[in-house]
Each structure stands twice: as structure tokens, then as C-alpha cells.
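Novice: Protein chains in written order, with my numbering: chain R, 1 to 395; chain W, 1 to 308.
Worth flagging that the hints you see were computed from the coordinates, not collected in a lab.
Model, not experiment: these values are computed from the prediction.
Treat the hints loosely; a few may be bogus.
Said to hold, decoys possible - Calculated pairs, DSSO-like style, for lysine-lysine (alpha carbon to alpha carbon, straight line, at most 27 Å):
(1) R:Lys181 / W:Lys108
(2) R:Lys52 / R:Lys42
(3) R:Lys350 / R:Lys371
(4) R:Lys140 / W:Lys77
(5) R:Lys139 / W:Lys77
(6) W:Lys77 / R:Lys134
(7) W:Lys77 / R:Lys117
(8) R:Lys206 / W:Lys77
What the hints assert, rightly or not - To list a few chain R residues with every Cβ distance to chain W over 10 Å, as calculated:
(9) Asp160
(10) Lys164
(11) Ala213
(12) Phe232
(13) Asn270
(14) Gly326
(15) Asp331
(16) Arg334
(17) Lys339
(18) Arg386
Glycine residues also receive a C-beta, built at the ideal position from the N, C-alpha and C atoms.
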Amino acid sequence: MTTKALGAVVAAMAVLVGGLAAQAQGPIRIGASLSLTGTYAKLGRNQHEGYKLCEKDLNATGGLLGRKVEFVVYDDQSTPATAVRLYEKLITEDMVDGVMGPYSSPVTEASANVTEKYKKVMVAPLAATTSIFKRPPDKKRYYVFMVISPAEAYLEGLIDMAAKRGLKTVAVVNEDTLFSKAAAAGAVDIAKKKGMQVVFQEAYPKGNTDFAALLTKVKSLNPDIVAAATYFDDAVALTRQMRELDVSPKAYGVTVGGDLPEFYDTLKANAEYVYGATQWEHVLPYPGNHEFFGAYKKEFGHEPSYHSAAGYAGCLIYAEAVKRAGTLDADRVREQLLKLEMRTVFGDYKVDQDGFQVAHRMVTFQWQEGKKVVVWPDEMAPAKPRFPTPPWNQR
Amino acid sequence: MIRRGAALAALAAVVAGLAAYPGYASGYGVRATLQIFMWIVLAGSWNLISGLTGYVSFGHVAFFGAGAYTGAILVAKVGWPWLPAALAGGVAAVLLALVIGYPCLRLKGPYFAIALLGLNEVLRALVSYFEGLTGGGNGLSLPTLDATIPIYYAMGASAASVTLLTYVIITSRFGLRLMTIREDEVAAEAMGIDTARHKLYAFLLSAAGPGIVGALTARDQGYIEPISVFPLATTITMIVMVLLGGKGTVWGPVLGAVVLFVAQEVVWARYPYVHPLLFGAIIVAVVLLMPRGVLGLLQSRYRLPRTI
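Isolated chain R (complex conformation) (with noise of 0.2 Å):
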């Protein structure tokens, strides 16, 4: 019986596909592969709304060569094997004309592989790490872009304003993986460069809510600062605890999960003072921020995170390589893309030689009576960070 009513829903989504590929000739067709189911589901369907947002404003004003744009997305699970599949259809089945990338670093690494064997140029707008770009000359990558801001700048705005006030000790805690370790390194290295004295460093497993024997660690050395590259469950474990064991730095920063409304939603007051890490408000004075806010909210009925800022921004970003190449031709939207430099609503676009961002700038942020306020760099920055913090039961 099952098998029937699947062989049926097999047989419509043949019918489906065939009708799909008939009219296939008209609009350019941009593949990707996304995490619209997994572990990182949430973050994968923002940056999918991107996609599609910057789909209907390309269409809006015209389309790209002459020609409609249209998204042929998949779900990969959040899984790279899953996703290496997909890129490999979305190139070598439905012969889409351009690819844009997959959500998360990992899923990045494993798709590059395919997307170069295939000289396919792939803007990835979620990647943040270095080692996808950065590769000995032999493991040399041509055709990925990045466009967010690498994960070790992630806490320098937290260690420069210290560093500023005059701090002198840091304690980096970290999450074991990819990313959060990349994170952790770059703000040992700052904290360095800036005279600071890195008193501890720790990582715990992926998952970790208990940090009591951590943070018991944490303040026997007293810290003047305590830099955390988290995500969101371990960002908000991690403040709660250290009020119950009265951890109370000067200054004191998380990462990704910061950023959220739910981190506020969760820990109320006790997220006061803290600063975080983000590649993107909607605050910032960047061209046509607001509207992209505002046009967001309005289509999917819910305000954009920095995921579907840079989806939007990397797919403007690829079309406006073609536009200026004039061609879909991997080559040479490769070499516009290199020289391209951009202003988005996710802010500045340029790259070196491996296709590793150099321009975009990442904000610091403080939750100040239940506001995320932009507090660094000072050029960017609407009002002054409120330092020190002061201790917990005067919050």
C-alpha cells in the first residue's frame, strides 16, 4: 500500500520535473544546495530568503543579460555528502547556468570540491572560514568567493575596546569546532598583538551546556575580560552560569547566538552588558539597508538575520560580476569577481588573490535595556559602549 502511494507521488514529481525541464531555456538558472532541514535549518532558511528575495529584485529591474533569473534550490540536510551530491545534479542534470553557495562552513568545504571540478564560479556568502580559501599551492581553490568577514574577526572588536580602556587580562573560551576554534585563535592573536596577557583557554564539546567547572577555573584567575566563541544554546548557558558563580568581568563578549532576539528573550536582564559579534544590523547606514529590511519583512513576515543579509547581498554581488563580464563564462565572471569592489546592504565587497574577503567589516554590539546597540568601530558606532560592567547584583 505505502509503496503505491509513494509510487504514485514518485510518478507526479517526474511529471513535474519533465515540465520543469522544458521550459528550461528561457531564464538564467542559479543552483544551490541549502540547509533547509538539520542542524542548521534556521539559518539555511534565512539565507534561502535571501536568495529569493534577490531573485525577485533582480527580476524587478530587468534580470540579468536580457534574461529571468530563477533559483533551483535543494535541500541538503545540513550534511556535506548530501550536499556534494546536489551540486554535482544541480551542475550535471539540470545544467544550471550558475551555482551559488550552500549554508555553513563545512558544507562549503565539501561542495568546493565539486563546484571547482567543474570550473563552476561559486559566490559562498556563509562561509567564514579561512582554510576554504587560504590553501597550499597545490590544493589551490579558483573559483569560490567569500563574503562575510573570516571567523577570527569576530571578537577583535571586543579586545580592541578593551584594550582601548586599558584591560590588560583575557579569558578565550571556545566551542570544538571549525568554526568556533578559528574564532578563539583569532582573539588570542589580537589580545597579543594589543600587549594583552591571555590568562586561560578552553574549548568544550559541541553541545556543552554544563560550564561550571570552567567558569570555577575562570574566576580564580579573575580575568579582566572573558571572550566566548559560541553559538546560540552555549552563548546563553554560559552567561546564566556565570551570574550563578558571580564570573563577573569587565568586559565580557560572545559570538554567534548573541546576535538573536532570543538571546535577550531568554536571559532578560542578564544579558545586559554583553557585547556580541555580528556581520550585519539593520541599523547600519549601508545603501538600501533599510528598504532590504523593510521589503524582508514585508515578503516573509519576519525581520532578516545577517544569514539572509549575505545571501541577498552575495547573489547582487554574482549578478553584477556577469553583468560586468557580460557573459555567464566562469572565467571571466572569476575575473571580475576579483576585481569587483562593492558596497551592499551588507556593507563592502573585495577580495585578494584566493577569493578571501577583505573589505566587509564586522560590528560589535552591546544589549543595552533590551537593545542591540552598535558600539564598535567608532565610525560606525551611534552611542559608546557602557563600561565597565558593572558587577552582577548591580545589573
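The hints should help you fit chain W onto chain R, whose structure is shown.
Specialist: Just chain W now, kept in the frame of chain R:
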């Protein structure tokens, strides 16, 4: 005999077709078929221990991951070619099975299932810990190499080997003893079967395949990380494939792997939000409506041979 001859001829035609397939297929066709082969090996291997002896392994992906890391380290750090590295992956998985299986399979009951579930988590933690060798949470990136077609043949050969091995076991005295253990372990012991030793042999055989295809997959993808090669979901998928096709049969795992994989490619990639629901529905439907799988159902209805 004529029916048997026709079946063999059909089988030969399928094998010949698959062997010639990379000559005219697209890159995607080759890679998708390669992954079907991988699932046939995983499902077939799980069937060897759990389908035949009834000892359910909830951690079979541990052998896949162990093979993947062994192969990847040998290729990336020692510079081995991928084929011997894949065989080494199989050897590593068998050694691991020996270490875990020897104590666990001497016990009866659910201890084995629980131990295997733990094994997978322990391995993942170990791989994350020994950063110098494995890259830890950063994962391990292999040198670029386009060997999809040779790996396709290696995967195909593995799938054929596992299926052939299953056939040989099921038609042998060894297989009969395993099935006796499944039906009634106390009775098997009373009949003089050394149950611990038989279970261990079946378990060792079931670890080799996942180890080999783990290493092949690592080579083909060029990048592995702890989360991507030790997911519990992979074990669950291989179990569902075997249950769907028919556990304890030769062709059940093959059938289950092909049907589930194709369904996933055709339907689920297009409807991402409903596919977890569909997956769950299939599990429930199989367990309720045909607990012995498609082949089990056919066997009881049409008096097909036990060795199908």
C-alpha cells in the same frame, strides 16, 4: 532450474549495465549510484549481524566513521593511494569490532545495543580530542583528486561482495546457526552451538564493509569532520532500509537501500519540509503492516525460496 537460470541472466545483465554506466552517465548519475552502492554495503552489513542473529546494533555508523578517519589519515598524512587506504579502513573497523564485540557479545540481551550506541559517541569524542592526527573539530581536508569513477567501481565491488557474502552465509551451516541464535539462543546453546563465537564472527564480518566504504566516501568527498561521519541518523537509515526490504534476507537490504535512496532523491529533495514526516511514516508503516519487510511479505505469500 530454468527460473534460476533466468534470474542469473537478469542479474548478470544488471551488473553489466552498472559496469558500463559511467561511460555514458552524467557526473551526478555516477555519484548518486555510488552512494546507492554505499547504502547497500551499510544496510547489507547491518543485516549480517542484526538481521541474522537478532542482536541489534545501534552504533554501526561507528565502523563507517572509523574507516573514514583511518583512510583519510593514511591518505592525507602518510600519502597512501586511496585503494590500500580503503582496505586499511576495513581492517581498522574489524579490529574495533573485535575489541568491542568480544566482551559485549558474551552477554545476552540489550547490553550489546546500548554498548554500540555508546561506542559511536566515544569515537566521536576521541576524534575531536586527538587534534594533531585528526584535525579535531576542524575536520580533515584531503588533497584534491578526481577519482569518482574508480571509486564508483570500488563501491560497486563492495556492494556486490557484501551481497554475495550474505548469500553464502545464509546458505551455509554457519548462517543456519546464526539464525538459530536469533530464534532461540538458549536452545542454540543446548544444541552445542558456541553462540559467543558465532556472534563475534558475524559481527566482525559486518564491520568490514562499513569500514571500507567509510574510507572510500572520505576520499571521494575530500573533507570529513566528526559530526559528518559519526551521525546517529546514518545508523537509523541503514536499519530502516533493512526493515523495509526484509531483514535476514539476501536481497532485502539491496531493495531497501535502492527504494529509500531513490525516494529521497526524487521526492524529498523537492519537499524538504515534509520529508522527516514521510520518513517517520515509512518506519511506522513498515513495522505495522509488514514487519518482515517487502521480501518477507512476498516470501510468505508466494512461497519464494528462503535464500532470496
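Novice: Taking the hints in turn, state whether each one holds.
Specialist: Do the hints match the structure? See the list:
1. R:Lys181 / W:Lys108: violated, 43 Å
2. R:Lys52 / R:Lys42: holds, 16 Å
3. R:Lys350 / R:Lys371: violated, 31 Å
4. R:Lys140 / W:Lys77: holds, 18 Å
5. R:Lys139 / W:Lys77: holds, 15 Å
6. W:Lys77 / R:Lys134: Answer holds: W:Lys77 to R:Lys134 is near 19 Å, not above 27 Å.
7. W:Lys77 / R:Lys117: Status holds; Cα separation ~23 Å.
8. R:Lys206 / W:Lys77: holds, 26 Å
9. Asp160: holds, 26 Å
10. Lys164: Fine: 32 Å to the nearest Cβ keeps R:Lys164 off the interface.
11. Ala213: holds, 16 Å
12. Phe232: holds, 16 Å
13. Asn270: Given a closest Cβ separation of 28 Å, the condition holds.
14. Gly326: It holds; R:Gly326 is separated from chain W by about 28 Å at its closest Cβ, greater than 10 Å.
15. Asp331: Fine: 19 Å to the nearest Cβ keeps R:Asp331 off the interface.
16. Arg334: For R:Arg334, whose nearest Cβ neighbour in chain W is about 18 Å away, the distance exceeds 10 Å, so it holds.
17. Lys339: holds, 26 Å
18. Arg386: holds, 34 Å
Taken one by one, the earlier hints fail for this structure at numbers 1, 3, listed in ascending order.
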